[in-house]
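A.B. asks: Starting from the given sequences, assemble the full structure and let the hints guide the process.
Heads up: the protein sequence lines correspond to chains A and B, in order.
Residues in the first sequence are numbered from 1 upward in steps of one, following the numbering used here.
Residues in the second sequence are numbered from 1 upward in steps of one, following the numbering used here.
Hints are computed from structural coordinates only; laboratory data are not their basis.
Hints may be right or wrong, so weigh each one.
[Said to hold, decoys possible] Just the calculated beta-carbon pair ranges, DEER-fashion: (1) B:Leu23 with A:Leu158: 28 to 36 Å; (2) B:Ser159 with A:Gly51: 13 to 21 Å; (3) B:Gly65 with A:Ile125: 55 to 63 Å; (4) A:Ile5 with B:Phe116: 32 to 40 Å; (5) B:Leu23 with A:Ala34: 46 to 54 Å; (6) A:Gly30 with B:Phe84: 51 to 59 Å; (7) B:Gly136 with A:Arg126: 42 to 50 Å; (8) B:Lys89 with A:Val118: 42 to 50 Å; (9) B:Ala121 with A:Glu67: 49 to 57 Å.
Where a beta carbon is used, it is the ideal one built from N, C-alpha and C, also for glycine.
In case you want the letters, here they are:
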Amino acid sequence: MTRFISPLIAIVAGLLVLLGYFLPNNDLLGGLRAKFIEWAVILAAAALLVGILNLLTVHIKKISAKEKGSFYSLLLIISLLFTLFVGLFAGTDSSAMQDLFNAVILPVESSLLAIMVVTLIYAGIRLLRYRNDLMAFVFLITVLVIMLGAAPLPFVELPLVGSVIRPFIISVFSTSGARGILLGVALGTLLTGLRVLVGTDRPYGGK
Amino acid sequence: MASSEFFIEAIAFLLTLAVLFYLVGDNFLFRAAIYIFIGASAGYVTVLLLQEVFAPQKIIPIISGSGGGIALAILVLLLFAKAFPPLSKLGTPSLAFMVGVGAAIAIGGAVTGTLFPQTSAAINAFEGISLFEGEGGRLLEAILMLLVTISTLVYFQFSARRGDDGKYRRNPITRVLAFFGKIFIAITFGVLFAGVFSAALTAFIERVDSIINFIIKLRELF
Numbered sequence: 001m002t003r004f005i006s007p008l009i010a011i012v013a014g015l016l017v018l019l020g021y022f023l024p025n026n027d028l029l030g031g032l033r034a035k036f037i038e039w040a041v042i043l044a045a046a047a048l049l050v051g052i053l054n055l056l057t058v059h060i061k062k063i064s065a066k067e068k069g070s071f072y073s074l075l076l077i078i079s080l081l082f083t084l085f086v087g088l089f090a091g092t093d094s095s096a097m098q099d100l101f102n103a104v105i106l107p108v109e110s111s112l113l114a115i116m117v118v119t120l121i122y123a124g125i126r127l128l129r130y131r132n133d134l135m136a137f138v139f140l141i142t143v144l145v146i147m148l149g150a151a152p153l154p155f156v157e158l159p160l161v162g163s164v165i166r167p168f169i170i171s172v173f174s175t176s177g178a179r180g181i182l183l184g185v186a187l188g189t190l191l192t193g194l195r196v197l198v199g200t201d202r203p204y205g206g207k
Numbered sequence: 001m002a003s004s005e006f007f008i009e010a011i012a013f014l015l016t017l018a019v020l021f022y023l024v025g026d027n028f029l030f031r032a033a034i035y036i037f038i039g040a041s042a043g044y045v046t047v048l049l050l051q052e053v054f055a056p057q058k059i060i061p062i063i064s065g066s067g068g069g070i071a072l073a074i075l076v077l078l079l080f081a082k083a084f085p086p087l088s089k090l091g092t093p094s095l096a097f098m099v100g101v102g103a104a105i106a107i108g109g110a111v112t113g114t115l116f117p118q119t120s121a122a123i124n125a126f127e128g129i130s131l132f133e134g135e136g137g138r139l140l141e142a143i144l145m146l147l148v149t150i151s152t153l154v155y156f157q158f159s160a161r162r163g164d165d166g167k168y169r170r171n172p173i174t175r176v177l178a179f180f181g182k183i184f185i186a187i188t189f190g191v192l193f194a195g196v197f198s199a200a201l202t203a204f205i206e207r208v209d210s211i212i213n214f215i216i217k218l219r220e221l222f
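C.D. replies: Below you can see the structure in the form of structure tokens.
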């Protein structure tokens, strides 16, 4: 029975929202579209809560089984519960929550972005070592020209790089290339969405 | 400097150092910082969800209001069944609803948000160009931009015909266009890479600056 219910729900809900999208003057479809999107947002929030509950369960199991790395799980649970406690009792706009954000989330996020400098340099070197072809050469030359064109070099100024070549690459090649990639991605999204709406793809688990 | 401010900066300093220690290899400090970060982020998201979506004053009017609020309540309850493995199948209809609505939004977004605007932008590059007013350069640029877009798009076409010998062959024009498309994709990714690298470099400088500032404050204090 559930084999048919889930695809039916997905197809009917999706088609009604899609019709509401392309027939905005129809009050019934427009209203249904707005309501269904509101429901989907609430369900997505519930799915996030389920995910966090699952995260907690997995790490509690790890600690109780005294598995390798359970100390890290303990750290995760303590920081999660502490943040939850502060947030629920003081509120998200409180100074305590802001302090927590500035002390933990912001510096770690920023530091992770910072270590990406080394990761990217390493990736560039690996590209030269393992893929020694025209594409790798074009890619790395472009990176070099864009970086050199943007960097304020001491004592020297590279002729044409910053004033002509870099703007030309960005405004002509990069913009149009990105447009082509975006169009390709949009066509792929369209196809995947249609496959879900006709029931060919069932990523929710229906057979 | 207030003691609470110093305490926050000290924690930020220690976590920054712990994450930057990754540069010498995966180690205990890096892992500890990451697990603390994941826990704090998950807690922050949970608080936001509970206060912005599931707060009684926000969710009760939606569920008790007209227009099938009870159906929403049932879908939410069924979704929570996913957290318990023996009951997880009960959550499939809720997932199906989300996927269906998500697919429709994705289709609408792809058509009205990307396909139409990007196609219009490719056409608009030719708008107002007059060859008689010495705008040949602009026309050439517009043609080049269109060719780059088309060849990039052609690169994503992987269909081919089977020849008499049974081997698959692409149309020669498609093959040439796809070759140039590949080069333009490499250029585009090169520009994106440079942008991400610049952002990461800025973050790195900011973090190093924060470390130096904290050490200076520590020296002033003691």
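A.B. asks: For each hint, tell me whether it holds in the structure or not.
C.D. replies: Here is what the structure says about each hint:
1. B:Leu23 with A:Leu158: 28 to 36 Å: With Cβ atoms ~30 Å apart, the hint holds.
2. B:Ser159 with A:Gly51: 13 to 21 Å: violated, 38 Å
3. B:Gly65 with A:Ile125: 55 to 63 Å: Since the Cβ atoms of Gly65 of chain B and Ile125 of chain A sit about 59 Å apart, the hinted range of 55 to 63 Å holds.
4. A:Ile5 with B:Phe116: 32 to 40 Å: holds, 35 Å
5. B:Leu23 with A:Ala34: 46 to 54 Å: Holds, since Leu23 of chain B and Ala34 of chain A (Cβ atoms, about 49 Å apart) stay within the stated range.
6. A:Gly30 with B:Phe84: 51 to 59 Å: violated, 37 Å
7. B:Gly136 with A:Arg126: 42 to 50 Å: Holds - the Cβ-Cβ distance for Gly136 of chain B and Arg126 of chain A, about 44 Å, lies within 42 to 50 Å.
8. B:Lys89 with A:Val118: 42 to 50 Å: Holds, since Lys89 of chain B and Val118 of chain A (Cβ atoms, about 45 Å apart) stay within the stated range.
9. B:Ala121 with A:Glu67: 49 to 57 Å: holds, 54 Å
Of the numbered hints stated above, those contradicted by the structure are hints 2, 6, listed in ascending order.
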